[in-house]
Amino acid sequence: MPTTGRGTYDLSNQIQSIVESTGIRTGMCHIFVRHTSASLMLCENADPAVRVDLETFMQRQAPDGDPAFTHTDEGPDDMSAHVRSILTQTDLNVPVSEGRCALGTWQGIYLWEHRIAPHSRSVIITTTGE
Amino acid sequence: MPTTGRGTYDLSNQIQSIVESTGIRTGMCHIFVRHTSASLMLCENADPAVRVDLETFMQRQAPDGDPAFTHTDEGPDDMSAHVRSILTQTDLNVPVSEGRCALGTWQGIYLWEHRIAPHSRSVIITTTGE
Amino acid sequence: MPTTGRGTYDLSNQIQSIVESTGIRTGMCHIFVRHTSASLMLCENADPAVRVDLETFMQRQAPDGDPAFTHTDEGPDDMSAHVRSILTQTDLNVPVSEGRCALGTWQGIYLWEHRIAPHSRSVIITTTGE
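Protein chains in written order, with this note's numbering: chain A, 1 to 130; chain B, 1 to 130; chain C, 1 to 130.
It is possible that some hints are incorrect.
[What the hints assert, rightly or not] Now the in silico label distances, taken between C-beta atoms and shown as ranges: (1) C:Ile124 / B:Val52: 16 to 22 Å; (2) C:Pro76 / B:Ser120: 37 to 43 Å; (3) B:Asp47 / A:Arg60: 26 to 32 Å; (4) A:Ser122 / C:Val52: 22 to 28 Å; (5) A:Thr22 / B:Gly7: 34 to 40 Å.
Source of the hints: derived by calculation from the structure; they are not laboratory data. Everything numeric in this text was worked out from a predicted model, so none of it was measured. Glycine is no exception: its CB is placed at the ideal position from the N, C-alpha and C atoms.
Bound-form chain A, shown alone:
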């Protein structure tokens, strides 16, 4: 999937559609990002301010251009993106019940692009069950 650069992308509807298309009623949905500078999270899906504040938090924890970092091949957001990735998730498992991901009311499944520039990101969705 394409991203337009740093930020969060709600995958919930796409993943629910994939689960529904498999016809599985009970099982598990696994989501995997094949990158080390983008990640996944299950996050509050109602108020967009939550995801703005998460960016604020990460910018404080792992700022771009941090002089302590030596891996800067791809610019000031290279190493900060790796740090943000390892602090969050590369893979998630969500139970499938009654043919849908059994997310809580306020849970959304988000891809988190940590690079500033747009990227193409590969995400593998695997469903198991019956």
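Given chain A, put chains B and C in place with the hints provided.
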């Protein structure tokens, strides 16, 4: 399950009982929290001071009432709880071997309530195997 | 597996060999660390500086000998190791496709030893599929 507010809750015995009741000898046990302000972790289970220190750590990283945060609808511990959740786990997989979760000697499975007030938390346990 | 102390250990080749030996073509590979002071991550595998910078980051976030920590039974790197573990992963699931872990080009599977002294670490690899 009910929580009495911020803190850690050892789920290990309950989960071991559920695994045993399924009769599965070899497989996987998946634990999923349907919330974005409570999370899971596998943590040292011997000295309670570890979990006290983890609260100290989180209070430093993501303090309640942080003026940088804009999502404050539910009070000063609202956004800090979301941050603490995304830094830890919403789901865990633990291998099942010889009919029990194959935890290490010092590993306990904990629910971590990040809100100060008591909450009711929904946790889905899924076992697979034979 | 033995570690020589704090640092990262690339498990990718060993895990790929295990997956290949099972003959599974499509499925899932689960990796589980039975410890609370060592963890797992999927990290950039090309430039070793990335993993040096990650140690720098963790030393800043969760320094050894932090006076705020009370759990110091095993020395100044005891509690810092627990913190680093809960900020990263105890278990990972990687999809298996065409008989191999479907890692991205730049993804490696790493054990992260957080204790300074050498340790023996137990890692459970579980493969499912057909």
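Original post:
Tell me, which hint numbers fail for this structure?
Top reply: 1
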